[in-house]
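K.L.:
Residue-level listing of the chains:
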Amino acid sequence: MFSDPSPEIAATISRLQRCYFNQPERQLWLKQGEVLLEQGQVNEKLFLLLSGQLTAYYQVEPNGEFFELNHFNPPSFTGVHSYFSGSYCARFRVVASEDCVLAYIDTQVEVKQEAEFGPLAQQFMPVIVNELSQRQILAMHAQVEHNLAQQRAMQAEKMSTIGQLASGLSHELNNALGAISGKSAYFERFMDQHFEQYFPTQHHYFRAGLDSKQGLDSKLVRSRGKIFEQALGVERDQGKALARIFAHPDEVTALGKGFLKRLDEYADYWQLGRDFKELKQAVNHATGIIKSVRLLGADDTERKYGVDINDTINCALDLMSSHCRSVDIRIQAGQLPLLCASHAEWVQVWVNLIKNAYEALLSQPNPAPLIRIKTQLSGGFVQVSIEDNGPGIAPNLMQSIFQPDMTTKKGGLSFGLGLGLSISQRIISSYQGELKVVSQPGLTCFSVFLPIEVNNGNN
Amino acid sequence: METINIICVDDQREVLSAVVRDLAPLADYFNIEECESAAECEELMDELDADGEHIALVISDHVMPLKTGVQLLTEIADDSRFKEVKKILLTGLATHADTIKAVNQAHIDHYLEKAWDGQELLQISKQLLTEYIVSQGLDYESRLAVLDAPTLYKLIQ
Amino acid sequence: MKQYLKYLFPILIPGIILSLPLSWFPIENITLAEQRIIAIFVLAALCWVLEPIPIYATSVLIIVLELLFVSDKGLWFTQQASPDLGILLSHKDIMATFASPIIMLFLGGFFLAMAATKYRLDVNLARVLLKPFGQQPKYVMLGLMMITAVFSMFMSNTATTAMMLAILTPVLAVFAKDDLGKVGFALAIPVAANVGGIGTPIGTPPNAIALKYLVGDKLITFGEWMAFGVPFVIVLLAVSWFILSRLFPADTDNIELTIKGRFLKTPQAIIVYCTFTLTILLWLMGGIHGMNAYVVALIPVAVFSVTKIITKEDLKKISWDVLWLVSGGIALGLGLEKTGLAANAVAAIPFGDFSPLVIIGGASVLCLLMANFMSHTATANLLMPIVAALGLSMHSLLPYGGQVALILCVTFAASLGMSLPISTPPNALAHASGHINTKQMAKVGASIGVIGLLMTFAMVYLLTVIGFI
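Residue numbers (full-length UniProt numbering), protein chains in the order written: chain L, 1 to 459; chain Y, 1 to 157; chain W, 1 to 469.
Keep in mind that the hints were calculated from the coordinates and are not lab data. Don't take every hint at face value.
Below 25 Å or equal to it, Euclidean Cα-Cα: the simulated DSS-like pairs (lysine-lysine) are [claimed, not checked]:
1. K183/L to K158/L
2. K280/L to K213/L
3. K158/L to K304/L
4. K280/L to K226/L
5. K280/L to K154/Y
6. K83/Y to K443/W
7. K177/W to K154/Y
8. K338/W to K154/Y
9. K73/W to K154/Y
10. K154/Y to K92/W
11. K114/Y to K291/L
12. K183/L to K83/Y
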């Protein structure tokens, strides 16, 4: 656990080892599991670990559980505190976690090279200080780890609250949507039959509207409308109505003059049919979004076979669509194998990455903000790259972007779904995947590499 | 009679057609245009203006690809050709900051939240159209049927 | 009717008239100038009825066509010497119609109204005057009608209606949905505005057009007009109020009109109050001070311009269309009169055979009918020259008041056309409130029109009896 000593320290240690820890009579062999020091017991020796490994344990309460503190690897000292503080009392239990060879000095040791290096304590000073600072670092790491764990716990709690909220909300919304779609379907059927029976001609146009394809965009309607307007001598809005229904003015001419006379009426029926179609589309859209929110909210980390990463990306985009509308998002999806994964986790990964890209794009004016998402299978990995043409990540921030408290946001839209990249990275690494980032002004690319071998559900 | 245009902007087609539906009672007196993006709206306004037609009202969604409604309406407000155009922001999602921008920079005449009430939208449109017609000195008598009477009373005293 | 017909007729029919040989006209010794005036008259009539162009544009067209074809400085071929050419008009006379005294009278009226509105004299007066009428719907309605009528005597009927409807709108909003009182109130305003306009020469353009023909020994001064006009308005208003409150009784028993504001006390506002009062007093005094109504009318124009109460921006807002509409009528009358067409045409039809009462009744009813379907001013513009000529030539009319009686009947009838939303701008505005349907308006408008016409006859008879005319 301790980091390797610096060259100066190492030199000091080797000198001390030569001077004090070379006497074979003051060497000790420990088998794995044997106790070197017992917490609270007298210890008047300073040990230097020559080979093997020691582990320190600490007992908070008498007769309580021992907590593992740290491992010592050679060359490291044990008993520094009890030896030099003068308490001669071990503060930890130290156990050989492997077979060990140790050398030691006791209080009767003869000070060597005193003229050159000073008294014993002074000779050992660098070692003591090194020891102290190493412990300090250890404590710091422990604190950070502790905070992270707490954050994760809070995040999990938040997610589960969102999940509960989402599932309650989606239940209610689905009920309402069910009523809307059910009743509009009934209404549509009723009108369909009614018109068929009593207004056969109008019914034809109602049906045509109902069965119409996605249709032209407004610009095309306008330009095509003008053609109809000129060809048939109708009003502007009539021209537009015709352009929606027909492909070519000749089709209208073929229907005879009577048709044009009653055009407004027929166009109304067509539009009515079209309205029903759009009603259905709107309900589908809403249902899709509710489903996505629920998937995301339900802290569903259970991994099941049959997840297509492309699906999870689409689901994330559904969720983000209302957010990211001012950005052009292009997807290039390759054929991917099914994996054993948690749908919700991956949706969360993509939401975080897309949101990140979106926020980067928003941070500076951009004439054509673009997010490009590409999925492909390459050499045993599912590779997903999310590119944006935003300002890029500053080199000095590059190191810290995966830290949980790293943010460059200054207010604005926020989905409030987590700690962004750090969570994404944690999820990705839990699949033994990797998240890489390359950034320069105008192009930032987050790439996820996911090994198929590990995640194909066979192990 | 001069052609007076109303332009509705929304990137979602079904929402756009719903807005147009709500404005259908005005269709006999005004030309109602649909646009699916801010860019399209700007192009159309350019064209209509070049044809010498009036643009009385722009009803725009806020959250749209590439250019938001507030951006669009701000540009319209800044364009001297369209300084009289009445503007409604019709949105389901706008932050506080966006809303402030809409009022201060785009000088919108009305803010409507989705889901909107068709009758309300129609009524507000009528009021704004009345204001436009009177301020532009256009003939209101022939369009009395679709104008907002109380607004008219106030304006022509 | 097909849209293009309304453009086609006003071009085609005058064209045919122009191309006909003179001998085909049933008027003796008809001249080319007279033929052209007939064509212009028919064009004007068709344009005012069908309205392919705005009605004031028709007026401008009349003046320009007269200048081009019937004036001494017209197009060269129109002046080619011919035994049939007839009398050409002086171009100065035609142009002078833009600034005829009648127009100046109206301009003065506009200045007064504009200053009053600008310094909120109108709204403040309305607030004060409405107070004594309490809060009972019936009396509030009476109060509203009286104030509307008084205002429309000096302001344009349209502006008065808009102002009063704006005051009324919040009140109408709190009425129950099926409360007939709403209809009554909404109708009361345009009715009162239309009726009130009859009260003074500047109340409505037809009155001014009539004044144009009441000259010489038939002169009616501003004060004299009001002497019979105002009582007539009061009585007809009372009748209208009775009809409205009977047909559309209000269910609510309390109506509160809230008009906010206070009388302005700035020096300018005080100048407006004083000038307003002074002008009206001078009008009412008749000729005692030597000035006639037209001269008096220019006093407020001068005062308000000098004191910057009416600025040049305000000046742009003057309803030039109304002034031009009247000018066109005057020019049309001028053409009919000066070419001698009016007299000739009247002579060609044996009116002498008709009973004078039939003439008065017929002309008034025709005027009332026309006024219901087209602009009151345009109606007066078309009918007044003919009626004036007719009245002058028919000696059998004399026992019944002669020309003056005929002109007054037709003038009043022109203001009584108010049965349809299209009859007058006040009607259109009230109809736009959405509280009235056309049927209700027709019922009230037609009955008030008919009653008003009968009252006109009675009034003219009375005036003849007392020897006023």
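K.L.:
Each of the hints needs a verdict: does it hold here or not?
P.N.:
Verification of the supplied hints:
With a C-alpha separation of about 37 Å, the suggested pairing of K183/L with K158/L is violated against the 25 Å cut-off. Annotation: proposed proximity of K280/L to K213/L holds, straight-line Cα distance about 13 Å (limit 25 Å). Under the criterion of a C-alpha separation no larger than 25 Å, the hint pairing K158/L with K304/L is consistent with the structure, at around 24 Å. With a C-alpha separation of about 30 Å, the suggested pairing of K280/L with K226/L is violated against the 25 Å cut-off.
Taken as a hint, the K280/L and K154/Y pair is broken in the structure, with Cα atoms around 44 Å apart against an allowance of 25 Å. Between the alpha carbons of K83/Y and K443/W the distance comes to roughly 45 Å, so the proposed pair goes past 25 Å and is violated. Proximity of K177/W to K154/Y is assessed by CA-CA distance (about 23 Å); at most 25 Å being required, the pair is judged to hold. Between the alpha carbons of K338/W and K154/Y the distance comes to roughly 45 Å, so the proposed pair goes past 25 Å and is violated.
A C-alpha spacing of about 47 Å is found between K73/W and K154/Y, which places the hinted pair above 25 Å, so the restraint is violated. At most 25 Å may separate the alpha-carbon atoms for a hinted pair to count; K154/Y and K92/W exceed this at roughly 41 Å. The suggested pairing of K114/Y with K291/L holds, with an alpha-carbon distance near 21 Å, which does not exceed 25 Å. Only pairs whose Cα atoms come within 25 Å are accepted, and K183/L paired with K83/Y is rejected, the gap being roughly 45 Å.
Comparing the model with each earlier hint shows violations of hints 1, 4, 5, 6, 8, 9, 10 and 12; every other hint is respected.
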